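S.K.: From just these sequences and the hints, can you work out the full model?
Just so you know, the sequences run in chain order A and B. 10 is the number that my numbering gives to position 2 of the first sequence; each next residue is one higher, with no gaps. 692 is the number that my numbering gives to position 21 of the second sequence; each next residue is one higher, with no gaps.
Just so you know, the hints here were simulated from the structure itself, not pulled from any lab data. The structure displayed is predicted, hence computed values, not measured ones. Take the hints with a grain of salt, since some may be wrong.
What the hints assert, rightly or not - Quick list of in silico lysine-lysine cross-link-like pairs, DSBU-like style, CA-CA up to 30 Å:
1. K680/B to K754/B
2. K57/A to K728/B
3. K66/A to K107/A
4. K742/B to K107/A
5. K107/A to K754/B
6. K66/A to K77/A
7. K77/A to K57/A
8. K728/B to K680/B
9. K119/A to K77/A
10. K728/B to K107/A
11. K57/A to K742/B
12. K741/B to K107/A
13. K680/B to K107/A
14. K754/B to K57/A
What follows is each chain in one-letter form.
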Amino acid sequence: AQSVTQLDSQVPVFEEAPVELRCNYSSSVSVYLFWYVQYPNQGLQLLLKYLSGSTLVKGINGFEAEFNKSQTSFHLRKPSVHISDTAEYFCAVRPGGGKLIFGQGTELSVKP
Amino acid sequence: DGGITQSPKYLFRKEGQNVTLSCEQNLNHDAMYWYRQDPGQGLRLIYYSQIVNDFQKGDIAEGYSVSREKKESFPLTVTSAQKNPTAFYLCASSLTGTDSYGYTFGSGTRLTVV
Numbered sequence: 009a010q011s012v013t014q015l016d017s018q019v020p021v022f023e024e025a026p027v028e029l030r031c032n033y034s035s036s037v038s039v040y041l042f043w044y045v046q047y048p049n050q051g052l053q054l055l056l057k058y059l060s061g062s063t064l065v066k067g068i069n070g071f072e073a074e075f076n077k078s079q080t081s082f083h084l085r086k087p088s089v090h091i092s093d094t095a096e097y098f099c100a101v102r103p104g105g106g107k108l109i110f111g112q113g114t115e116l117s118v119k120p
Numbered sequence: 672d673g674g675i676t677q678s679p680k681y682l683f684r685k686e687g688q689n690v691t692l693s694c695e696q697n698l699n700h701d702a703m704y705w706y707r708q709d710p711g712q713g714l715r716l717i718y719y720s721q722i723v724n725d726f727q728k729g730d731i732a733e734g735y736s737v738s739r740e741k742k743e744s745f746p747l748t749v750t751s752a753q754k755n756p757t758a759f760y761l762c763a764s765s766l767t768g769t770d771s772y773g774y775t776f777g778s779g780t781r782l783t784v785v
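M.R.: Written out as structure tokens, the structure reads:
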């Protein structure tokens, strides 16, 4: 069965520092990979996705993620965070022909 | 603009009452989904529908019911059989049940039992 593991439940970081949110998945089939962001009391918004091609994917708000097939990882990065990046971030995989499978989420807290 | 509308944003229910959460989309998507979100538990799938007049149970369907009579609409009823209904409920849709795209989410309904 496919699964998604977000390795950190909470990540505190100071403003303007770099951040990496880690995501590993297990799947025996090709998958599509996604990162979503959720601000308090709101729905999920798509940050970026990997379908095929270049393993470095750029998304909105200055975020990027790198697909590593050998390590089955899809870590999310931002070189310099802002207070407004404080939110919960979800990694998700969609096995070919299947439903989205979500990780448990990572709370990013950006402090001044 | 196309999107998903969930209503109401906040809902209060007395114990023993059924309540229905609305989810409407104008994206012409075939597939729709309902998730429940509790602090620290991520998103858990309640029900999903890949086509009109058809739906399947997700991981936590007990105490919930749905209908899919129209492509645009996928209402969720939280019945009195759901023992702990207080949660944030999210509706989502996708082009089909098997495409390579992600889901589009509504803004959620927060249900509180009083």
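S.K.: Now look at each hint and say whether the structure bears it out.
M.R.: Structure-based check of all given hints:
Between K680/B and K754/B the alpha-carbon distance is near 21 Å, which keeps this suggested pair within the 30 Å criterion. Only pairs whose Cα atoms come within 30 Å are accepted, and K57/A paired with K728/B is accepted, the gap being roughly 27 Å. For the suggested pair K66/A and K107/A, the alpha carbons sit about 23 Å apart, so the restraint of at most 30 Å is met. For the given pair, K742/B sits about 19 Å from K107/A by alpha-carbon distance, which is consistent with the 30 Å threshold.
Between K107/A and K754/B the CA atoms are separated by roughly 27 Å; this keeps the pair inside 30 Å, and the hint holds. Of the supplied pair hints, the one linking K66/A and K77/A holds, its CA atoms being roughly 17 Å apart against a limit of 30 Å. Proximity of K77/A to K57/A is assessed by CA-CA distance (about 15 Å); at most 30 Å being required, the pair is judged to hold. With a CA separation close to 24 Å, the supplied pair K728/B and K680/B stays within the 30 Å bound.
Taking the CA atoms of K119/A and K77/A, the gap is near 33 Å; set against the 30 Å cutoff, the hint is violated. The suggested pairing of K728/B with K107/A holds, with an alpha-carbon distance near 13 Å, which does not exceed 30 Å. Note on K57/A and K742/B: the hinted pairing holds, with a Cα-Cα distance of about 26 Å set against a maximum of 30 Å. Proposed proximity of K741/B and K107/A is supported: the alpha carbons are some 21 Å apart, at most 30 Å.
A threshold of 30 Å between alpha carbons decides the hint, and for K680/B with K107/A the separation of about 26 Å falls inside it, so the pair holds. Pair hint K754/B plus K57/A does not hold up; C-alpha atoms about 36 Å apart against a cutoff of 30 Å.
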